[in-house]
Amino acid sequence: MSSIYLDWAATAPPDSELQRNALSLSLVSYGNPSSAHSFGKEARALLEDARASILQATAISKGNFLFTGSGTEADQIPLLSLLRKARRAGHGGKPIHLVISSIEHAAIDSQVRQLEKMGFEVSWIDADARGFIDPQRVADRVRYDTALVAVMAVNNETGSIQDISAIGRLVREAAVRAGARDLWLHVDAVQALGKLPMRELTLQADSVAVSAHKIQGPKGIGGLWLGKPLEALALGGGQEQGIRAGTENVFGAIAFALAAQKAYSLIESRMELARILETRLIEGIARIPGALLVPHRTAKDSGYVPHIISVAFPGVGGETMVRALSDRGIAVSTGSACSSNIVRKGRRILKAMEIPEDIALCALRVSTGSNSTLSDIDTFLEHAEDLYRKLKT
Amino acid sequence: MRSFFLIKPGEIELKLGNKREFIQRLKEQIHLRLKGIQLELEEYPGRFFLSIDEEYADLALFVLQHCPGVNGVARAIKTVKQPEMVIAAAIQCAREQRERDAKTFKVETRRSDKSFPLDSYGTTVAAADAILEDNSTFSVNVHNPDFTLMIEIRERAYVYANTLPGPRGLPTGTQGKGLLLLSGGIDSPVAGYMMARRGLALEAVYFHTYPYTSIEAQQKVERLATRLAAWTGGIYLWIVPFTEVQQKIAKGPREETNTLMLRMAMMTASSHIARRINAKAIVTGESLGQVASQTAENMRLSQSPSALPIFRPLIGTDKEETVALAKKIGTYDISILPYEDCCVLFSPKHPILKPDFQELADYYASLELEPLIVESVERAEDTLIPFTKSLREYGFHG
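So the sequence lines, in the order shown, correspond to chains A and B. Counting from 1, one number per residue, gives the positions in the first sequence under this note's numbering. Counting from 1001, one number per residue, gives the positions in the second sequence under this note's numbering.
It cannot be assumed that every hint is accurate.
Stated by the list, open to error - Taking lysine-lysine pairs in the DSSO-like style, the calculated list, with each CA pair at most 27 Å apart, reads:
(1) A:K62 x A:K85
(2) A:K390 x B:K1248
(3) B:K1177 x B:K1349
(4) B:K1327 x A:K390
If you are wondering where the hints come from, they were derived from the structure by calculation, not from laboratory data.
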C-alpha cells in the first residue's frame, strides 16, 4: 500500500540528516549550559550559536529569542505573565481585558478561556467567512485596560494569513487613544515559521511563538521571541533569562537552528513548490462533484499560505473520510491534531467563521511540505473522489 | 493464613419452589468466578461461609460484591466454640472497627448450637463488657450504632461486623439468557447490569459502522463490556459489521426515518443472533421520551422485527438516575469518552416522533434489508471477554 503524508501542519517529517548532526554535536558537548566549567561553557556556546543562527535565518534584527519546550508553551508564557501583572497592579478589583481572535490554536484558546474563568475579561474577534480577522475590528475593541491582544499569523486549519502589520499599527494607535499604556501584542506564528518572513511580525509584535517540529526539526522544542521584557509566572533556575526555567535542550536548540536555516535558505523554491501543489489540489477538488474548499479560495491567492487547505465532502463526516483515507495509506486530518481527541460541538475555528455546521463537520485539512509531490496530490484526489462516491449517504 | 467471608444470599430465600436450584446456581457462580483459587464454600441455612487464602481476600470481596444473588458479605473471624475464644475474637473485631473511627456499637448473638455454655444474651453481654474493658472510648448504642458486632455460634463460632452490600437479585443464569444491545453510551451498560441482577445471563451485541464510526468507538464498547463482565461473570460480545445496512438505509428516499429504520434493522439482526445463542429476551437501554426514537410509537416500530420480549429496565428512569447507576457500576467514565462521532450526519434533522405504524413497517419492508442483515450477522465476530479480563480491568492481577 502506498504511503502518502499530507499532514505537514500537524508535524513535518523530520529532516533526519539535520537532526543527526545536531545530536552528534550535543552528545559531544554534553555539559549543562549553566555550569561554570569548560563542559558547561562548550554547551553554552552551542546554545548561543543556535540562538544567533535562528535570529539570523529569520532576519530578526532586535529583541530576544528564547527556547521553550513547545510552541504551546511559548504561547502560554505571555498569557500567564498577566497573572503577575493582575496581582501587582491590584487593578482596583477590575478585571484585566484581553482581545483575542476566535480562530486561535488551542494553545491560546484554552489558556485564555481558563483566564476568563479566573475573572479576566475577553473580547473575542470572529473571522469573516473567508477566515480573516478584520484589523479594524480588533483595534475597535482596545480599551484603556486592555493588557494583551493575540492574533495568530497563519491559521492552522484554513491557511489564512492575518494582516499582523495592520493589526499592530491600528492596535497601537487605538491603545494611545484609549490610554492603554502597556498593551502587549502576541502573535502565534507556529504555522508561519518557514513559510513567511518573521521579521515583519517582530516589527509589530511584542512576542512571537514558534515551534521546531513544524519545519522538520524535533518535537519538544519551541521558541518565544520577545521584543521587550516580560515577567514569567513559572520560575526555576533562571534559564533563558528567567522566562523559561529548566535545563536547556541543547540538541533541540541546535536542530531547531539548522532547520530554520534550511527552511529560510530554501524558502523561495519551497514556496513555489507549495503553490504548484496548491493549484493542482484546488483544480482537482473542483472536478469532484459536490466537494468544496472551506473557505472557498482560488489558486495563488496571497491571502493564504499554499501549504494548508481545507476541503469538505458534504454528507461524509471529516473523521469518516480521514479514517477511510488512512486505510488507503493517505494521511490527512480534521483540523488541529491537538483538538481531534476532545469532544467538540462542530468545529470551533470553522464555526467562528460562520461556516454552516454540516459543511464544517465534513471538512478535512490537507497540508503539504517540501517532500510533497504532484503525485501525492493526484493519489489523494483519486482516492478521495472514489471514497466520497462510496461513503456519501 | 485463611480469610473467612460470611455470605448472605438474597431473594433466594423467597423462591421456595426453586430454592435448591437457586442455591446451586449461586454456589456455581462463586466457584466459577474464583476458578483456579483453592477455596471452601460451605452452605448453611441462610448463609454461606467462604474460606480462602488471605492473599485472595480483596479479590474474593470484589467478586462477592459483584455476584448477583449475594445480598451482603462480611469478613469474619472464625474460631472454636469456647467463650474465651469468642470474646477474644470480638475484641479483635472491635479494634479493627476502632481504626476506622467507629465509636459506638452493639452486639447481636445467634446461637444454633445450644451446647455452647453461654446463651445468646449471656454471650452478647460478655462480649460487650470485654470490648468496653479493652477500650474505654467505646460506648454502647443499641439504636444507631456505628457498627453491629455479630456473633454466630454454629458448627464453629463466627464473629464479624459491617456487612457490605452485594448486588442482591438472582444468581446469573437462573432466568435464562438475554441479548443486550450495547452502544458506547451511558444507558445500555446500566440496562445490562440491571438485567444481570435479575438472573439473566447476558451476551452483548454492538453494531459497527466503520468508517462512519471509528475503531476507537469499538474499543470503547469492548472496554464497557469488560467492565460489565464483572457483574455478569464474563460476557460474549458480538460485533456486527453494519456499514452496508446503514448505507442502504441512508440511500432510501425518506431521510426523516433513518434512525428508526436503523433501529429496526438492528432489532432484526439481534433476533437472528438471539435465535442462534438461544436467548429468551433482548435488552435495551431505552428510556421513554429520552430521544426521538424512544417514543412509545417508535418503540412499537423498532421492536416489531423481534418475536422475543424486549426488556427495557431503564424505561422509567431519568438521566440523572442512570448516570448515578453508571458511576456505581463502573461504566460511566468509559461511556463519556468522546468517540461518538459523525452519526450526526446520518441522523435526520427532523426525525419522526409519531409514525404511522403500517406505513413505516411497509417502508422498512420495501428497503429489502434482509439479505444484507443476514450477511452482516454471518460476518459478525463473537469474542468471549472472560471474567478474569474484567478483574484485570479493575486492577486485580495474576
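Hint-by-hint comparison with the structure:
1. A:K62 x A:K85: holds, 24 Å
2. A:K390 x B:K1248: holds, 11 Å
3. B:K1177 x B:K1349: violated, 37 Å
4. B:K1327 x A:K390: violated, 40 Å
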